[in-house]
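Trainee: Chains S and A, in that order, give the protein sequences. For the first sequence, my numbering assigns the number 382 to the last residue and increments by one with no breaks. For the second sequence, my numbering assigns the number 291 to the last residue and increments by one with no breaks.
Careful, some of the hints might be misleading.
For lysine-lysine, the following DSS-like pairs were computed, each having C-alpha atoms within a straight-line distance of at most 27 Å [what the hints assert, rightly or not]: (1) K263(A) x K331(S); (2) K331(S) x K235(A); (3) K218(S) x K277(A); (4) K229(A) x K280(A).
Simulated from the structure, these hints should not be mistaken for laboratory data. Here the structure is a predicted model, which is why all the values come from computation and not from measurement.
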Amino acid sequence: MKVFLSGFGTVGQGVFEILLLKEKYLKDNYDASISVVGVVDSSSFNIDKKSLCGFCVLATKTNSGKCGPNARDGKPVTEIMDMTDYDVLIETSPTDIENGGEGLANIRHALASGKDVVTVNKGPLALEYPALAKLAEENGCILKYEGSVGGAMPIISLCHTALAGQRIKSIRGILNGTCNYILSRMDTGLPFSQALREAQQLGYAEADPTYDIEGIDAASKVAILANSIFDRAVTIRDVSVTGITAITPEAVAMAAERGMVIRLIGEVSDDRLEVAPRLVPKGHALAISGTLNTAQVLTDLAGPITVSGRGAGKHETASAILSDLISIMESRK
Amino acid sequence: MINAEIHVLDIPGTLIRSLEPISSCGGNIVGVVHNRDRVIDGRIGVNITFSVGPDELEKIKATWEANDVVVARVDSIVETHSIDYLIIGGMPSSAVEKMIADSKVPVHSLYVRSSSGAGSKVHTVMVSIKAKSQDDLRSLDDYIGKACKKAGAACIRGLD
Ligand SMILES: NC(=O)c1ccc[n+]([C@@H]2O[C@H](COP(=O)([O-])OP(=O)(O)OC[C@H]3O[C@@H](n4cnc5c(N)ncnc54)[C@H](OP(=O)(O)O)[C@@H]3O)[C@@H](O)[C@H]2O)c1
Numbered sequence: 050m051k052v053f054l055s056g057f058g059t060v061g062q063g064v065f066e067i068l069l070l071k072e073k074y075l076k077d078n079y080d081a082s083i084s085v086v087g088v089v090d091s092s093s094f095n096i097d098k099k100s101l102c103g104f105c106v107l108a109t110k111t112n113s114g115k116c117g118p119n120a121r122d123g124k125p126v127t128e129i130m131d132m133t134d135y136d137v138l139i140e141t142s143p144t145d146i147e148n149g150g151e152g153l154a155n156i157r158h159a160l161a162s163g164k165d166v167v168t169v170n171k172g173p174l175a176l177e178y179p180a181l182a183k184l185a186e187e188n189g190c191i192l193k194y195e196g197s198v199g200g201a202m203p204i205i206s207l208c209h210t211a212l213a214g215q216r217i218k219s220i221r222g223i224l225n226g227t228c229n230y231i232l233s234r235m236d237t238g239l240p241f242s243q244a245l246r247e248a249q250q251l252g253y254a255e256a257d258p259t260y261d262i263e264g265i266d267a268a269s270k271v272a273i274l275a276n277s278i279f280d281r282a283v284t285i286r287d288v289s290v291t292g293i294t295a296i297t298p299e300a301v302a303m304a305a306e307r308g309m310v311i312r313l314i315g316e317v318s319d320d321r322l323e324v325a326p327r328l329v330p331k332g333h334a335l336a337i338s339g340t341l342n343t344a345q346v347l348t349d350l351a352g353p354i355t356v357s358g359r360g361a362g363k364h365e366t367a368s369a370i371l372s373d374l375i376s377i378m379e380s381r382k
Numbered sequence: 132m133i134n135a136e137i138h139v140l141d142i143p144g145t146l147i148r149s150l151e152p153i154s155s156c157g158g159n160i161v162g163v164v165h166n167r168d169r170v171i172d173g174r175i176g177v178n179i180t181f182s183v184g185p186d187e188l189e190k191i192k193a194t195w196e197a198n199d200v201v202v203a204r205v206d207s208i209v210e211t212h213s214i215d216y217l218i219i220g221g222m223p224s225s226a227v228e229k230m231i232a233d234s235k236v237p238v239h240s241l242y243v244r245s246s247s248g249a250g251s252k253v254h255t256v257m258v259s260i261k262a263k264s265q266d267d268l269r270s271l272d273d274y275i276g277k278a279c280k281k282a283g284a285a286c287i288r289g290l291d
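Chain S extracted, bound-state conformation:
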């Protein structure tokens, strides 16, 4: 299987590393190989119609900041994609939640050209899921996005595969590790601003943390879950969003007196689409501390099912991409 990698930052490089690490595993277990035939970053690209040398591309990126010898010179990624033959586009360029950015154009282009797509870029899905799913169907393509919600936490395939046959009544979850880290630190008495600064120093929060702390990142995941699991044709603009900036140490202390903690919870059901801070009883599955993502799926037959995992990270997120690639490989056999 030939793949084209759009975006070569933390996740993109993680994918290439994992494909190198798992080369023998793929051969032994699936009698298959996955070759990267194109890579693009913000300023350069690299193409080999047969297979790019992973070690070489990774080393070039580390040494020069560029993924290859060719300058993009303003070329859109779609034009570069057309320079080579590939089966699957892996979309790992930055999330643009306003208009989908280049990632949206790339996904549309790949699907319209009959290529399968794996994306961890949330923007295109949070804004255009119904149109992209329709485009994929019309062109007989597979669109996969496990890593776009909760990184390594396998929530999408859990709902579609393991819970097949059950009615999913609701999904509630901690979908942003940065907010959960800040709120966990506030449990120990830190004020919001100090907990945020600590999260930034540890690399959990961006220099501009707006998307995380205002609940926008979690809302994009809620929109994806609503479309994918609940068949609701919605966008991030339909999600009611409240962030965590108004939470005071006094509020945290009063919640603790009543045996509760405050957590930023994303919730999807047939009639609710929301991200908001909520009071969660201590000991509840969603009262966890730290940076993990956790989701509780409420089903009609099995009751609540809880899944948890690392919401971000190079190999963690790349692991979700690998499982999507294997699933496509199996479907295309």
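Let chain S serve as the given structure and place chain A with the ligand on it in line with the hints.
Mentor: Below, chain A with the ligand alone, put in the same frame as chain S:
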């Protein structure tokens, strides 16, 4: 839902027989707890939780009394649904209580506690509400959400 405390003779078979009037009236027994370790005047205490229509309850009591079962206590248990809120900013506890009264939604019980931060302009109020139905809670939730927004207060809801 009814919770009854009865005392039956400590003789094999009486416990089962004391439950019969409930099932024969179409009642639904939810729980039975008896204490064999404490025998008083040859009788043991049995606590029964069950649901039954109001007319049937009188029949059950009459059957028990006619069969030498002592009825010590019969209470009705009201099933309630609860939700908690933390309201930050803008609203002192008196305003929160007024807001809930203004909603006109029947509330079974209400707990309101304000932060002790005297002199602080930012009030933090913890509210715990019990209502008789989920529908009542939903109406209240809607009302509280809108009222807090209007007052510029942040409203943190419990997990319902
Ligand atoms: N990091 C995670 O753990 C994680 C988890 C879940 C989902 N995601 C999503 O995965 C995506 C990538 O995240 P990341 O952490 O890898 O980000 P990153 O480290 O910032 O990498 C982004 C990459 O995209 C490249 N790029 C920028 N603009 C581009 C464009 N217009 N076209 C093609 N490539 C472009 C960048 O180029 P340069 O290298 O030249 O700057 C860089 O290689 C994001 O959408 C993010 O939301 C990430």
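Trainee: Hints first: check each against the structure and report whether it holds.
Mentor: These are the hints, each one checked on the structure:
Between K263(A) and K331(S), the direct Cα distance comes to roughly 25 Å. Compliance with the 27 Å bound is thereby established for this hinted pair. For the hint linking K331(S) to K235(A), the alpha-carbon distance of about 32 Å lies beyond 27 Å, and the restraint is violated. Simply put, K218(S) and K277(A) have alpha-carbon atoms about 25 Å apart, close enough for the 27 Å limit, and the pair holds. Only pairs whose Cα atoms come within 27 Å are accepted, and K229(A) paired with K280(A) is accepted, the gap being roughly 16 Å.
Hint check: a violation occurs at hint 2 only; the rest are consistent with the structure.
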